[in-house]
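Student: Sequence:
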Amino acid sequence: MKVIVRKSTKDFKYKVKEIIEVKDGYAVNYLIPQQLVYPFSEANQKILEENLRQAASKAALIKKEAVATAAKIKKQVFTLGVKAGEKGNIFGSVTNLQIAKAIGDAIGIKVGHNQIEVKEPITEVKRHTITLKLHPEVQTDVTLEVKAV
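Residue 108 in our numbering sits at position 108 of the sequence shown, with consecutive numbering throughout.
The hints are simulated quantities; they were obtained by calculation from the structure and are not laboratory data.
Using N, Cα and C, we set each Cβ at its ideal position, and we do this for glycine too.
A few of these clues could be false.
In silico lysine-lysine, BS3-like type, Cα no more than 30 Å apart, as pairs [said to hold, decoys possible]: (1) K23 with K7; (2) K74 with K2; (3) K15 with K46; (4) K147 with K126; (5) K58 with K13; (6) K13 with K133; (7) K126 with K74; (8) K64 with K87; (9) K10 with K74; (10) K110 with K87; (11) K64 with K133; (12) K101 with K133; (13) K147 with K72; (14) K74 with K17; (15) K75 with K119; (16) K63 with K46; (17) K46 with K58; (18) K74 with K101; (19) K64 with K119; (20) K64 with K83; (21) K23 with K13; (22) K133 with K75; (23) K23 with K74; (24) K46 with K75; (25) K72 with K133; (26) K75 with K110.
Label pairs and their in silico Cβ distance ranges [claimed, not checked]: (27) V118 with A43: 15 to 25 Å; (28) H135 with Q35: 20 to 30 Å; (29) V28 with K75: 54 to 64 Å; (30) V67 with S41: 44 to 54 Å; (31) G104 with V28: 23 to 33 Å; (32) K87 with Q54: 54 to 64 Å; (33) K75 with K110: 41 to 51 Å.
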């Protein structure tokens with residue numbers, strides 16, 4: 001049976017839009033239900049090309065927004081208030097969730113805790129540089145000032 005590859009996975013290593021020949025049972029019982037392939041036809045080939053074009057357009061728009069956000073927040077200093085001792089040591093350490101909330105509150109854009117990369121644990125009251133990964137291809141360093149409350 002001729003099929004058109006819809007998406008590639010670790011186990012199914014064909015290129016998207018590639019037309020391949022597979023056994024009927026494998027296509028009907030596994031590949032098509034898993035939405036890895038379409039049955040071959042000219043109409044399905046055009047649908048797949050249109051879906052890929054739209055996905056590429058959407059990905060470009062998301063990347064453009066990430067670049068704009070990175071430019072907007074690059075020079076800002078974000079402030080986070082924490083409980084600390086007399087010598088400036090924090091009780092525990094600052095988490096990515098706390099950082100994400102502080103950044104989100106300051107700029108009004110939701111930042112996920114998994115988008116934040118801290119090189120070493122934040123355990124002192126001072127300025128720290130952290131990395132925000134806004135997109136797989138867009139990241140920026142921002143300054144986080146940790147203050148004692």
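Student: Would you pick out the hints that fail for this structure and give their numbers low to high?
Tutor: Numbers 2, 8, 9, 10, 14, 20, 23, 24, 27, 30, 31 and 33 - these are the hints that the structure violates, sorted from lowest upward.
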